[in-house]
Structures are given as structure tokens and as C-alpha cells.
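For the record, the sequence lines run as chains A and B.
With UniProt numbering, letter number 347 in the first sequence gets 347, and the count goes up by one each step, no holes.
With UniProt numbering, letter number 50 in the second sequence gets 50, and the count goes up by one each step, no holes.
Calculated from the structure, these hints are not laboratory results.
Be aware that one or more of the hints could be misleading.
If several chains are the same, the list does not tell them apart, and a pair holds so long as it fits within one copy or across any two.
Capping the alpha-carbon separation at 30 Å, the derived lysine-lysine pairs in DSBU-like fashion look like this [said to hold, decoys possible]:
no.: 1; residue 1: Lys191; residue 2: Lys313
no.: 2; residue 1: Lys217; residue 2: Lys312
no.: 3; residue 1: Lys296; residue 2: Lys21
no.: 4; residue 1: Lys226; residue 2: Lys40
Number of protein chains: 2
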Amino acid sequence: MAAEEGSFKALNENTLVDYIKATPSLCSRLGNDFGNLKIKEVGDGNLNFVYIVTTDSGSLVIKQALPYIRCIGESWPMSKERAYFEAITLQEHGRWCPDHVPVVYHFDRVMSLIGMRYLAPPHIILRKGLIAGIEYPLLAEHMADYMSKTLFHTSLLYNTTAVHRQEVAKYCGNLELCRLTEQVVFSDPYKKSEYNRCTSPYLDEDALAVQKDDALKLEVAELKAKFCERAQALIHGDLHTGSVMATQDSTQVIDPEFAVYGPMGFDIGAYLGNLILAYFSQDGHADAANDRYAYKQWILKTIEDTWKLFEKKFTSLWAENKDGSGEAYLSAIYNDRVFSLAQENYVKDLFHDSLGFGAAKMIRRIVGVAHVEDFESIQDAKIRAGCERRALEFAKKLLKERRGFQTIDAVIVAIQEVPF
Amino acid sequence: MAAEEGSFKALNENTLVDYIKATPSLCSRLGNDFGNLKIKEVGDGNLNFVYIVTTDSGSLVIKQALPYIRCIGESWPMSKERAYFEAITLQEHGRWCPDHVPVVYHFDRVMSLIGMRYLAPPHIILRKGLIAGIEYPLLAEHMADYMSKTLFHTSLLYNTTAVHRQEVAKYCGNLELCRLTEQVVFSDPYKKSEYNRCTSPYLDEDALAVQKDDALKLEVAELKAKFCERAQALIHGDLHTGSVMATQDSTQVIDPEFAVYGPMGFDIGAYLGNLILAYFSQDGHADAANDRYAYKQWILKTIEDTWKLFEKKFTSLWAENKDGSGEAYLSAIYNDRVFSLAQENYVKDLFHDSLGFGAAKMIRRIVGVAHVEDFESIQDAKIRAGCERRALEFAKKLLKERRGFQTIDAVIVAIQEVPF
Numbered sequence: 001m002a003a004e005e006g007s008f009k010a011l012n013e014n015t016l017v018d019y020i021k022a023t024p025s026l027c028s029r030l031g032n033d034f035g036n037l038k039i040k041e042v043g044d045g046n047l048n049f050v051y052i053v054t055t056d057s058g059s060l061v062i063k064q065a066l067p068y069i070r071c072i073g074e075s076w077p078m079s080k081e082r083a084y085f086e087a088i089t090l091q092e093h094g095r096w097c098p099d100h101v102p103v104v105y106h107f108d109r110v111m112s113l114i115g116m117r118y119l120a121p122p123h124i125i126l127r128k129g130l131i132a133g134i135e136y137p138l139l140a141e142h143m144a145d146y147m148s149k150t151l152f153h154t155s156l157l158y159n160t161t162a163v164h165r166q167e168v169a170k171y172c173g174n175l176e177l178c179r180l181t182e183q184v185v186f187s188d189p190y191k192k193s194e195y196n197r198c199t200s201p202y203l204d205e206d207a208l209a210v211q212k213d214d215a216l217k218l219e220v221a222e223l224k225a226k227f228c229e230r231a232q233a234l235i236h237g238d239l240h241t242g243s244v245m246a247t248q249d250s251t252q253v254i255d256p257e258f259a260v261y262g263p264m265g266f267d268i269g270a271y272l273g274n275l276i277l278a279y280f281s282q283d284g285h286a287d288a289a290n291d292r293y294a295y296k297q298w299i300l301k302t303i304e305d306t307w308k309l310f311e312k313k314f315t316s317l318w319a320e321n322k323d324g325s326g327e328a329y330l331s332a333i334y335n336d337r338v339f340s341l342a343q344e345n346y347v348k349d350l351f352h353d354s355l356g357f358g359a360a361k362m363i364r365r366i367v368g369v370a371h372v373e374d375f376e377s378i379q380d381a382k383i384r385a386g387c388e389r390r391a392l393e394f395a396k397k398l399l400k401e402r403r404g405f406q407t408i409d410a411v412i413v414a415i416q417e418v419p420f
Numbered sequence: 001m002a003a004e005e006g007s008f009k010a011l012n013e014n015t016l017v018d019y020i021k022a023t024p025s026l027c028s029r030l031g032n033d034f035g036n037l038k039i040k041e042v043g044d045g046n047l048n049f050v051y052i053v054t055t056d057s058g059s060l061v062i063k064q065a066l067p068y069i070r071c072i073g074e075s076w077p078m079s080k081e082r083a084y085f086e087a088i089t090l091q092e093h094g095r096w097c098p099d100h101v102p103v104v105y106h107f108d109r110v111m112s113l114i115g116m117r118y119l120a121p122p123h124i125i126l127r128k129g130l131i132a133g134i135e136y137p138l139l140a141e142h143m144a145d146y147m148s149k150t151l152f153h154t155s156l157l158y159n160t161t162a163v164h165r166q167e168v169a170k171y172c173g174n175l176e177l178c179r180l181t182e183q184v185v186f187s188d189p190y191k192k193s194e195y196n197r198c199t200s201p202y203l204d205e206d207a208l209a210v211q212k213d214d215a216l217k218l219e220v221a222e223l224k225a226k227f228c229e230r231a232q233a234l235i236h237g238d239l240h241t242g243s244v245m246a247t248q249d250s251t252q253v254i255d256p257e258f259a260v261y262g263p264m265g266f267d268i269g270a271y272l273g274n275l276i277l278a279y280f281s282q283d284g285h286a287d288a289a290n291d292r293y294a295y296k297q298w299i300l301k302t303i304e305d306t307w308k309l310f311e312k313k314f315t316s317l318w319a320e321n322k323d324g325s326g327e328a329y330l331s332a333i334y335n336d337r338v339f340s341l342a343q344e345n346y347v348k349d350l351f352h353d354s355l356g357f358g359a360a361k362m363i364r365r366i367v368g369v370a371h372v373e374d375f376e377s378i379q380d381a382k383i384r385a386g387c388e389r390r391a392l393e394f395a396k397k398l399l400k401e402r403r404g405f406q407t408i409d410a411v412i413v414a415i416q417e418v419p420f
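From just these sequences and the hints, can you work out the full model?
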């Protein structure tokens with residue numbers, strides 16, 4: 001295809017049209033019809049350009065990575081190869097969970113360009129829905145489905161070690177994005193850094209306290225090592241509520257450009273941790289018309305259901321495939337009672353990993369570089385700081401005492417016990 | 001170089017001469033002098049051909065990997081790329097610990113051929129020395145030196161995550177050798193397998209008991225996952241006492257063809273576990289002239305010293321490099337008291353990992369496919385089985401209760417408490 005030849009060129013609304021017209025796999029998605037063609041750049045993220053393309057007969061999204069971080073500019077270079085890792089992860093995760101991963105129509109490695117399904121309105125970013133107080137009745141079911149299927153099928157519970165090591169090697173190449181995670185999640189919040197910020201002056205002391213908390217720092221070291229060393233499954237790598245688009249009956253996971261073989265708990269924790277952040281932000285969004293009490297209860301129920309459904313689906317997939325090609329637990333060794341015990345041990349470790357990573361992801365969103373709109377959209381800084389402080393205190397406790405939590409119910413109780 | 005062109009060809013004593021003559025880096029090691037040339041094939045291992053080459057003016061060893069397992073034949077294919085991983089590991093480990101790793105003179109990837117230093121007599125395989133009852137006064141110091149330097153410098157305590165992920169990816173290619181380890185160490189001993197054998201009939205019940213021991217199998221599953229998933233450092237991968245050549249003042253580690261980024265404890269455990277096997281075999285070598293009591297005490301002291309010196313050297317290297325490029329514990333975060341605590345935690349985990357892997361390596365040498373000469377050379381099967389049973393009982397206890405051992409001294413006490 002002509003469009004795939006040549007060298008990298010950053011596109012704009014105009015040059016994109018020519019690109020699409022020269023690319024059959026994209027034209028066909030538009031019904032080969034350019035009547036009423038509309039192109040709108042909507043990249044609200046920090047890294048990339050995203051174009052919605054619609055015609056009378058079809059639609060698609062084009063995402064292009066530039067060789068630097070969009071929101072900072074050329075002074076912070078960032079490999080545009082991240083588009084390659086995003087594309088192959090969308091395809092691999094989509095293979096196992098097509099219901100919750102947008103279809104990739106086209107990938108151009110030279111141009112760092114992905115053409116994929118346009119998630120039309122009423123799809124909105126889940127985080128915005130959570131801020132607006134919208135309940136999603138199928139969200140827990142869908143996200144449990146996505147996490148269980150993608151993580152199980154890319155782990156040694158399903159694959160041979162030969163396949164696993166080949167895939168691990170491939171994703172080692174995504175090291176620049178991993179380094180960003182390592183820095184902003186596991187390092188910067190725990191030291192003085194020009195990038196850190198917090199709701200000042202209210203949280204200045206709290207941010208300093210994080211940097212002086214030895215017990216916290218020891219736990220974070222363990223998690224960082226696990227993130228860097230443990231190739232447990234192909235993780236999304238950035239599974240917060242801004243990487244999910246939702247409607248009442250659809251849930252779609254996008255933006256896996258941070259994908260790598262890493263600990264499963266990093267994905268599960270990122271997602272649950274961001275739901276917990278959403279919970280603690282609700283008091284900042286309460287007003288006379290809506291105290292958000294019921295919505296907070298819905299968030300807690302969603303957290304609870306997500307984990308419980310995940311556990312159920314994950315262990316079911318494992319049981320269904322226990323005589324398959326997975327090499328972690330050969331059925332000739334692990335059968336009957338010891339199989340159940342093995343599952344129990346595995347899930348317990350995964351639970352504690354998830355709580356740890358979730359807590360770390362919460363902390364970094366309060367005292368690190370990148371904050372979340374859940375809190376940022378609370379106009380009154382003092383109220384915002386109050387919400388953030390409660391989330392931070394809970395996250396610190398969770399990180400340090402995670403091995404003491406035996407069930408998600410105990411976590412839910414602890415969330416509600418955080419004093420005002 | 002002419003010798004590096006063309007395709008793979010298995011050499012023999014005759015064709016090897018032509019190969020050497022066509023390879024300047026090998027000729028020069030022989031002083032470019034072929035007077036009194038002697039070539040002797042000495043590969044007593046299971047996998048490769050090894051030639052000792054001497055002339056009046058020099059010497060070297062040539063090791064060639066064939067695309068199958070030597071002791072079985074062409075019916076068990078095995079990637080000859082293992083020679084590549086052996087060569088690059090000898091070079092990388094040699095870079096950090098030149099005193100205890102033989103120099104590589106030449107590597108030919110197409111021919112899967114390594115030319116390296118000839119470890120002349122009185123160097124013998126350490127295992128044979130242990131069977132003969134020879135004390136090596138510097139062994140603990142040397143092996144602690146080798147393990148601390150190679151493991152530290154290839155971990156995230158010393159390297160950036162970028163370097164680490166690149167190296168991890170490279171070694172993922174050594175998957176066939178890793179699969180052999182996974183099968184013979186972590187799987188076969190715990191199930192019925194045509195390859196397993198034991199000193200029958202004496203140990204038949206003991207071997208079956210291993211396959212029925214749920215607690216043991218759950219622990220082994222955890223270790224197998226750690227071996228397959230955790231890229232902690234560039235490990236030798238087969239560091240038993242047959243991979244060490246020793247004299248009274250020299251200790252050389254050879255044969256790292258199983259090298260991969262894996263858990264450090266796999267190397268440390270393999271080595272200590274094989275010393276413990278040597279200990280339990282001594283009663284089978286006792287005779288009227290020598291009850292081996294003093295030698296057993298020397299082995300125990302060597303085990304104790306090896307761990308204590310390793311811990312000292314490893315934490316010293318870490319402390320010396322704590323402001324370096326290693327990214328696991330940034331000095332801006334981990335300083336003063338928390339640095340000491342971090343070291344304590346790290347070493348404690350490594351200790352328990354080492355005990356676990358060491359125990360697994362012991363078990364597989366008694367009820368798995370590959371046994372050790374320490375026991376095999378005990379002629380009386382009943383006496384041999386008695387020695388093996390005590391080693392097996394200790395290994396099972398160690399694997400299941402390893403987290404209860406706080407010091408190497410406690411392990412030494414437990415070894416001596418195994419009942420006859």
C-alpha cells in the first residue's frame with residue numbers, strides 16, 4: 001500500500017484526508033464514500049493526536065503518535081514506537097475480549113498511525129461519567145470480563161513458556177513508556193521532584209510526609225521491582241478510568257500504549273484505585289440537589305463486584321483450561337484438591353498485588369505530576385484538598401497493610417472508615 | 001575470518017586442527033606454534049563436545065554445541081544457539097568477575113563454537129573434589145565473590161531499566177534451555193514421568209510421596225512461576241558443583257549455557273543445595289580410614305561462609321554503588337536508615353528464595369532424571385538410598401518451611417538434626 005511506504009510525517013486534518021484516500025482498509029470503513037467528510041481532532045490526552053473521521057457512510061478514528069510528548073513538546077522526546085505496542089496490544093487483547101476492545105482497521109508502523117473503530121456518542125470517557133454521577137449497570141461485569149480474559153490468556157496459565165518468552169522479548173522494546181511509569185508512579189512521588197505538584201498549600205505537609213514515610217517507601221520499592229522484573233501477563237499498563245469509554249450497555253478499553261509483560265495486579269490495581277479516587281472525590285461534587293451518597297454506594301458496589309466477578313471469571317477460565325497448553329500448573333501435577341489450593345494461593349497473591357499497585361496509583365495522582373479530573377474539577381481548593389487527603393490517607397494505609405486484607409469486603413469497610 | 005564463514009559443521013579431532021589454523025585468535029593463543037600439538041576430547045557432560053588443545057607454546061579449550069543433546073542423540077533436538085548464550089554470558093560475567101570466569105578467546109556463532117582458557121590440572125570439577133574429600137580453603141570466598149559480582153552488576157541495583165529490558169529481551173531467546181530446566185527441576189519430579197528415576201526399590205515410596213505432597217507442590221508452583229517470570233539478574237542457570245572447577249587457590253565457574261534473566265536465588269540455591277547434597281553423601285563415602293566427620297564439618301562451614309560472605313559482598317557492592325545508575329532504589333529516595341532497611345528486606349527475600357530453589361534442586365537430583373555423582377558413586381545401593389533419603393527429607397522440610405529460617409546458622413543446625 002502506497003500509504004505505508006516512505007518515512008514518518010506528522011499529519012494534520014488536511015493531509016490526513018490524502019492518507020485515508022490512499023489506504024484501502026480505511027476507505028472501506030468509510031464505505032468508500034467521502035460525501036460529507038468531517039475530521040475533528042479530539043486528542044485530549046497528553047501524548048498523541050486523535051482524529052474522528054466521519055462520512056455519510058462510515059466512521060473511524062485515526063490516532064498518530066509523534067516522537068515527543070504532545071503536551072510538553074519536542075523537549076520531551078518519546079519513542080513513536082509506542083503506536084506499534086498500542087496496535088499489537090489492541091489486537092492481542094481484542095483477540096481475547098472483542099466485546100470490550102475497539103477493532104483495529106489499519107496500522108502503519110512507519111507513520112506510527114492506527115486506524116480503529118470510532119466509539120460514537122453516547123460513549124464518553126468513564127472518568128467523566130463518574131464525575132457526572134452516572135451509574136453504569138454493566139460496568140463491573142464488563143471490566144471483570146476484560147481483565148480476566150486479557151490477563152489470563154497472556155499468562156503462563158494459558159501459554160507455554162516458549163510463547164511467553166517470545167512475547168516478553170517483543171514487549172521489552174516498549175521501554176521508554178515503561179520508564180515513564182517507573183518514574184511517575186514509583187519514584188517521583190517519594191522524593192523531591194520538579195514535576196510533583198499538589199493542592200498547595202493545603203497538602204504541602206502531606207506530600208512531604210509521603211517522602212519521609214520509610215515504611216511506605218519500602219513497600220513501593222517492592223512494587224517497583226515487581227513492575228520491572230515480573231513478566232506475569234500482557235498488561236494494558238495504564239488502566240485508569242480515563243482509558244475506558246462507556247455507555248449504559250457498552251464498555252471499551254482504549255489506549256494500551258504502555259503495554260508490557262508485567263504483574264497482573266498493576267492493571268487491576270490501576271482500575272480499582274481510580275474507582276476509589278472517584279469515590280473520595282464525590283464529596284467535592286456534592287451539592288444541594290445531590291449529596292452523592294447513593295452514588296458513592298454505587299461506586300463501592302462496583303468496586304466490590306468488579307473484584308468478585310474478576311475472581312470468578314479468572315478462576316473459571318483457569319479451570320476450563322487446566323488441561324490446556326499452559327505450563328505454570330501442569331494438570332498431571334495440580335489436580336483435585338491441590339488445584340483448588342493453587343487457585344486460592346494465586347488469587348490471594350494477586351489480590352494483595354492489586355491492592356498495592358492500586359494504592360501506589362492513588363498516591364501518585366495526588367502528590368505526583370499527573371492528577372485526575374475527579375479532583376481537579378473540584379473548584380474549591382480547600383474542599384478538593386480535603387477529598388484528596390482522605391484518599392491519600394487511605395492509600396497509604398492500603399499500601400502498608402495490604403496483606404492484612406483478606407477480602408474486597410474488608411477493603412470496602414476500610415474505605416468507609418476513613419475519618420473526615 | 002575464513003573460519004567464521006559458511007555453515008555449521010560438527011568438528012572432530014582432525015577437522016578441528018584446520019579450524020584452529022584458520023582462526024588467528026586461536027592460533028595466537030597457541031603461540032602460532034603447532035609443535036607437539038595434542039587434541040583430546042573430554043566432554044563428560046551431557047550436551048556438548050569439549051576439546052583440550054595443547055602445543056609446546058600454549059593451550060586452549062574448544063567447546064562445540066551440536067543441535068541435539070549429546071548423551072541422547074539426534075532424537076532430542078536442542079538449539080545449538082545455546083553456545084551463543086554461553087559465550088555472551090562468559091563475557092558478561094567475566095567482565096564483572098574475571099578472577100573466577102574463564103576468558104573467551106573466540107566465538108563462532110555459526111559453528112556454535114567457543115574457544116576459551118584451558119583450566120589446566122590440578123583444576124578438577126569441584127563435585128569430584130567434594131567426593132574425594134578435598135578441602136578448598138578459598139572456595140567460599142571465591143564463590144561468594146563470583147555470585148555477588150555477577151548477580152549485583154546484572155540487576156536493577158546496578159543498571160537502568162532501559163539496559164535491563166534490552167538484556168532481558170536478548171536472553172529470552174534461550175528458551176529451549178530454560179524449558180529443560182522448567183521440566184526437569186519444577187515439573188517431572190512432582191509427577192509420573194518416564195524420565196524420573198531413583199535408587200529403587202529403596203526410594204520408590206519416597207519418590208511417590210513427593211508426587212503426593214500437596215504442600216510441596218504448591219511451593220514448587222510458586223518457585224516455577226518465579227523462575228519463568230522474574231527477570232531479576234543474569235543468572236548462570238546451572239550453578240551446581242559440576243559447573244565449578246577448583247584447585248587450592250583457583251575457583252572457575254564454567255558452562256553457563258542455561259543463562260537467562262531469572263531470580264538470583266536460583267543460582268545461589270543451586271550452589272548451596274549441591275553443597276548440601278555433598279554433605280549428605282559423605283556418609284556413603286566414609287570408610288575405616290576416614291569417617292568423613294571433619295570433612296562434613298568443613299562442608300557445613302563452607303555453606304555458612306558462602307552465604308555470609310555473599311551477603312557481605314553483595315550489600316557492600318550495593319552500598320558502594322547506591323548513587324550510581326541503578327534504578328531499583330534511587331538514592332534520592334532510599335538513604336540513611338531506610339537504605340539499611342531496604343537492604344535487609346532485599347537480602348531476607350533473597351535468602352528465602354535461595355533456600356527454596358536450593359531445596360528444589362536437591363529434590364530433583366534424587367527423584368528426577370539427572371542424578372549427581374556424589375550419590376551415584378556410592379556403590380552399595382542401600383547405603384546410597386539412606387544418604388539420599390536424608391537429603392530428600394531435609395530438602396522437603398526446607399522447601400516447605402524456608403520462610404521460618406532467619407539465618408544460615410539455623411539452616412546448618414537443621415541439616416545436622418536430620419535423623420538417621
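Point to revise | Index of numbered hints that the structure contradicts, given in increasing order | key: Hints 3 and 4 not satisfied by this model.
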